[in-house]
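There are 2 protein chains.
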Amino acid sequence: MSIIPTSRAVSAPNRAKTPKGQATRARIVDAAAALVFEEGVAGTSLDDVGAAARVGKSQIYHYFADKSSLISEVVTRQTIAVLAGQEPHISRLDNWGSWAAWRDQLVREQDENHCTGGCPLGSIANELADTDEDARAVLVDSFDQWERAFADGITRMKAAGALRADADAASLASAVLAAVQGGLLLCKTRKSTKPLEASLDASIAYLRTFAP
Amino acid sequence: MSIIPTSRAVSAPNRAKTPKGQATRARIVDAAAALVFEEGVAGTSLDDVGAAARVGKSQIYHYFADKSSLISEVVTRQTIAVLAGQEPHISRLDNWGSWAAWRDQLVREQDENHCTGGCPLGSIANELADTDEDARAVLVDSFDQWERAFADGITRMKAAGALRADADAASLASAVLAAVQGGLLLCKTRKSTKPLEASLDASIAYLRTFAP
Numbered sequence: 045m046s047i048i049p050t051s052r053a054v055s056a057p058n059r060a061k062t063p064k065g066q067a068t069r070a071r072i073v074d075a076a077a078a079l080v081f082e083e084g085v086a087g088t089s090l091d092d093v094g095a096a097a098r099v100g101k102s103q104i105y106h107y108f109a110d111k112s113s114l115i116s117e118v119v120t121r122q123t124i125a126v127l128a129g130q131e132p133h134i135s136r137l138d139n140w141g142s143w144a145a146w147r148d149q150l151v152r153e154q155d156e157n158h159c160t161g162g163c164p165l166g167s168i169a170n171e172l173a174d175t176d177e178d179a180r181a182v183l184v185d186s187f188d189q190w191e192r193a194f195a196d197g198i199t200r201m202k203a204a205g206a207l208r209a210d211a212d213a214a215s216l217a218s219a220v221l222a223a224v225q226g227g228l229l230l231c232k233t234r235k236s237t238k239p240l241e242a243s244l245d246a247s248i249a250y251l252r253t254f255a256p
Numbered sequence: 045m046s047i048i049p050t051s052r053a054v055s056a057p058n059r060a061k062t063p064k065g066q067a068t069r070a071r072i073v074d075a076a077a078a079l080v081f082e083e084g085v086a087g088t089s090l091d092d093v094g095a096a097a098r099v100g101k102s103q104i105y106h107y108f109a110d111k112s113s114l115i116s117e118v119v120t121r122q123t124i125a126v127l128a129g130q131e132p133h134i135s136r137l138d139n140w141g142s143w144a145a146w147r148d149q150l151v152r153e154q155d156e157n158h159c160t161g162g163c164p165l166g167s168i169a170n171e172l173a174d175t176d177e178d179a180r181a182v183l184v185d186s187f188d189q190w191e192r193a194f195a196d197g198i199t200r201m202k203a204a205g206a207l208r209a210d211a212d213a214a215s216l217a218s219a220v221l222a223a224v225q226g227g228l229l230l231c232k233t234r235k236s237t238k239p240l241e242a243s244l245d246a247s248i249a250y251l252r253t254f255a256p
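Protein chains in written order, with my numbering: chain A, 45 to 256; chain B, 45 to 256.
Treat the hints with care, as some may be off.
No distinction is drawn between identical chains; accordingly, a pair holds when it is met within one copy or between any pair of copies.
What the hints assert, rightly or not - When the alpha-carbon atoms are kept at most 20 angstroms apart in a straight line, the in silico DMTMM-like pairs for lysine to aspartate or glutamate are as follows:
{"no.": "1", "residue 1": "238", "residue 2": "91"}
{"no.": "2", "residue 1": "61", "residue 2": "156"}
{"no.": "3", "residue 1": "202", "residue 2": "156"}
{"no.": "4", "residue 1": "111", "residue 2": "83"}
{"no.": "5", "residue 1": "111", "residue 2": "177"}
{"no.": "6", "residue 1": "61", "residue 2": "245"}
{"no.": "7", "residue 1": "64", "residue 2": "241"}
{"no.": "8", "residue 1": "64", "residue 2": "188"}
{"no.": "9", "residue 1": "202", "residue 2": "148"}
{"no.": "10", "residue 1": "235", "residue 2": "83"}
{"no.": "11", "residue 1": "235", "residue 2": "148"}
{"no.": "12", "residue 1": "64", "residue 2": "178"}
{"no.": "13", "residue 1": "111", "residue 2": "176"}
{"no.": "14", "residue 1": "238", "residue 2": "212"}
{"no.": "15", "residue 1": "61", "residue 2": "148"}
{"no.": "16", "residue 1": "238", "residue 2": "185"}
{"no.": "17", "residue 1": "235", "residue 2": "176"}
{"no.": "18", "residue 1": "235", "residue 2": "196"}
The hints are simulated quantities; they were obtained by calculation from the structure and are not laboratory data.
When you get a sec, could you build the whole thing from the sequences and use the hints?
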């Protein structure tokens with residue numbers, strides 16, 4: 045299963061025609077993603093992005109219509125990063141060993157980050173879901189992709205007889221994603237991986253109750 | 045069980061000595077809470093708060109040392125509101141009927157709000173947990189109080205024999221709070237109560253697996 049997202053932004057006008065233009069555009073998105081992760085969307089100005097990417101504001105406007113379309117691109121970029129960061133396990137959640145390895149990797153990452161930052165997608169969703177309809181649409185896509193990885197694993201476990209037929213892949217996958225998001229928020233607030241561990245462990249243990 | 049929080053802010057210098065002063069101070073906190081809920085902390089200036097509360101900035105500084113101490117007070121105020129909004133059920137989660145009623149109330153509230161806003165505490169935590177240590181401490185207290193309501197219900201159900209002795213009240217309560225937070229974030233992002241329902245239902249169903 046491939047979980048590389050299909051980017052909405054690709055269908056938006058992309059004025060980077062040359063390799064150099066593409067590189068500049070990517071540098072702007074990378075700089076914006078790093079700033080948004082640390083300072084939030086409201087705390088990140090296009091001047092900040094320009095300074096960090098070493099480009100003028102006119103160059104930013106050459107590639108992006110406005111801050112909102114740059115932020116939508118940041119969401120697409122972070123979706124790729126967040127999902128890639130859960131590989132190889134998230135693409136093969138068709139056995140309990142992979143679920144355990146996926147859980148351990150998420151917890152370890154927060155431990156290594158000293159429980160700062162939380163989920164880059166969850167943070168942007170929290171900030172923009174009510175105010176930026178374009179960003180919200182991209183975030184819905186992102187969460188759908190993430191959830192689909194869980195649902196695919198559950199569906200394959202059902203097919204293999206490792207989970208009962210009454211396990212509802214879609215709603216279980218949705219509950220797992222909520223457990224990840226809530227666990228990461230509590231982890232970031234409490235500066236401890238304990239709430240994330242409790243949340244993921246409960247989530248996987250609940251899934252296990254659907255074993256035949 | 046009383047879940048009225050013990051406010052840290054009460055022990056901070058409170059310069060509102062008269063009933064009129066108390067009323068002004070409360071009006072400032074109410075205005076700040078409403079603005080922060082809609083615009084976020086970064087999007088709320090003390091000028092905005094002053095305008096909404098019909099007080100000058102010097103009056104705000106009379107009652108609060110700085111924006112950060114006002115925000116800490118907003119967290120305390122929202123904690124009271126969030127927990128009160130889950131009454132009467134959250135104080136009596138010692139039977140399955142109360143868990144179901146509590147769940148329905150949370151879902152109904154989001155439905156009535158058209159899935160906007162999310163959790164006032166979760167939103168502030170997401171924004172400030174890495175940058176405002178004072179606010180973070182108050183938020184940890186808030187989440188602890190919220191979680192304690194779940195843990196108390198679980199503990200009483202264990203005592204009454206409705207849950208087995210191996211049900212770990214603390215980690216189950218932590219997982220329920222994560223389910224609430226993650227469910228509310230996905231609800232706000234997807235503009236649908238479905239993810240919140242999936243998350244809460246999985247959480248309560250998992251709890252039920254500890255019934256004897």
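A quick look at each hint next to the structure:
no.: 1; hint: 238 - 91; result: neither (38 angstroms within a copy, 39 angstroms between copies)
no.: 2; hint: 61 - 156; result: neither (39 angstroms within a copy, 47 angstroms between copies)
no.: 3; hint: 202 - 156; result: neither (34 angstroms within a copy, 36 angstroms between copies)
no.: 4; hint: 111 - 83; result: both (15 angstroms within a copy, 17 angstroms between copies)
no.: 5; hint: 111 - 177; result: within (13 angstroms within a copy, 29 angstroms between copies)
no.: 6; hint: 61 - 245; result: neither (47 angstroms within a copy, 49 angstroms between copies)
no.: 7; hint: 64 - 241; result: neither (44 angstroms within a copy, 48 angstroms between copies)
no.: 8; hint: 64 - 188; result: neither (33 angstroms within a copy, 52 angstroms between copies)
no.: 9; hint: 202 - 148; result: neither (23 angstroms within a copy, 30 angstroms between copies)
no.: 10; hint: 235 - 83; result: within (18 angstroms within a copy, 25 angstroms between copies)
no.: 11; hint: 235 - 148; result: within (17 angstroms within a copy, 31 angstroms between copies)
no.: 12; hint: 64 - 178; result: neither (28 angstroms within a copy, 45 angstroms between copies)
no.: 13; hint: 111 - 176; result: within (11 angstroms within a copy, 26 angstroms between copies)
no.: 14; hint: 238 - 212; result: between (28 angstroms within a copy, 14 angstroms between copies)
no.: 15; hint: 61 - 148; result: neither (42 angstroms within a copy, 53 angstroms between copies)
no.: 16; hint: 238 - 185; result: between (29 angstroms within a copy, 16 angstroms between copies)
no.: 17; hint: 235 - 176; result: between (29 angstroms within a copy, 13 angstroms between copies)
no.: 18; hint: 235 - 196; result: neither (32 angstroms within a copy, 24 angstroms between copies)
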